[in-house]
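Sequences listed follow chains A and B, in order. The first sequence runs 1 to 122 under the working numbering. The second sequence runs 1 to 134 under the working numbering.
Worth flagging that the hints you see were computed from the coordinates, not collected in a lab. Keep in mind that a hint or two might mislead.
List time: in silico PhoX-like cross-link candidates among lysine-lysine, alpha-carbon distance up to 20 Å [to be verified]:
hint : chain 1 : residue 1 : chain 2 : residue 2
1    : B       : Lys93     : B       : Lys122
2    : A       : Lys69     : A       : Lys85
3    : B       : Lys111    : A       : Lys68
4    : B       : Lys126    : A       : Lys85
5    : B       : Lys56     : B       : Lys122
6    : B       : Lys65     : A       : Lys74
7    : B       : Lys93     : B       : Lys65
8    : A       : Lys74     : A       : Lys46
9    : A       : Lys105    : A       : Lys46
10   : B       : Lys111    : A       : Lys46
11   : A       : Lys85     : B       : Lys122
12   : A       : Lys69     : A       : Lys116
13   : B       : Lys104    : B       : Lys81
14   : A       : Lys85     : A       : Lys105
15   : A       : Lys74     : B       : Lys111
16   : B       : Lys55     : B       : Lys126
17   : A       : Lys74     : B       : Lys104
18   : B       : Lys72     : B       : Lys93
19   : B       : Lys121    : A       : Lys85
20   : B       : Lys111    : A       : Lys69
21   : A       : Lys74     : A       : Lys85
22   : A       : Lys105    : A       : Lys74
23   : A       : Lys105    : A       : Lys69
24   : B       : Lys93     : B       : Lys81
25   : B       : Lys55     : B       : Lys121
26   : B       : Lys104    : B       : Lys93
27   : B       : Lys55     : B       : Lys111
28   : B       : Lys126    : B       : Lys93
29   : B       : Lys81     : A       : Lys74
30   : B       : Lys65     : B       : Lys104
31   : B       : Lys55     : A       : Lys85
32   : B       : Lys122    : A       : Lys69
33   : B       : Lys121    : B       : Lys72
Small disclaimer: the values here were computed from a predicted structure and weren't measured.
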Amino acid sequence: MPSGGKKKRKKPSRKKSDIDSALDQIGDESVAAATAEFQDLVSEAKGDTTELIRQNAEEVERRLDLLKKREIDKEDFDHFLENQKRDLRVFIDAQPAQAQERAEKLTLHILETAAKVAIALI
Amino acid sequence: MNSTLVSRNVFLCAAAILIASCGTATFTKSGSDATIESLRSFHLAFIDEFAVPGKKFNATAFNAKVNEGNAKFQEAIANDKFTARRPVFVDLKAQFDADAAHIKSKASRGKVTPALASEMKKDVNKTYDHALGR
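Construct all of the structure, not just a fragment, from the sequences and the given hints.
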């Protein structure tokens, strides 16, 4: 169980991906804050023991990368976010009450933050 | 002696009913699984046919295929014997509706990319796997 307190959480170390490097370049302060939050959440989700949480984080990161490379556009990206949300709601509802908040943070909240980050990438 | 015999017969009948009902439930679920696999094949083929980069959008063919899909999903929702699965079929139809709307919007403007089709199919496979409890 995660502690509710701040912060000093040691992030799981991982190699910087292309999308991380692109996100690091973002200058605008509000977007930079969302980007930092996104990177933190993805990092935490990728270290989670639940496969679906890890997959969701990897998927949204891959799609941000496709968006950055113009292989999909913002409409496509939003469509995929909605698909992921629809799929995740069933998973979250099936979690025990005490695990729902964390599951929601590491799934739906990542997607909401990704939507803000995506605007900066296009 | 008689009461023992009656008890034994009652027990055997109950066991037979339980075994038969389990068999029916398994049969019903496997039929439902087959329906889900059939809908998955249709959904993937739909993407392969219409989410093709550079292909001219044929509204008549598209609408006909959407109507065919709607009929298949409605039939699955109405006829599935494994009633616990009904909400799952409703969710799968929602996914089909969303994909059809997105493909129409993109293909009619010639904005389909290879990555779009590929990612759509990944989502479809994931959704149907989850529907099957995998």
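- What hint numbers does the structure not satisfy? 2, 5, 6, 8, 10, 13, 16, 22, 23, 29 and 31
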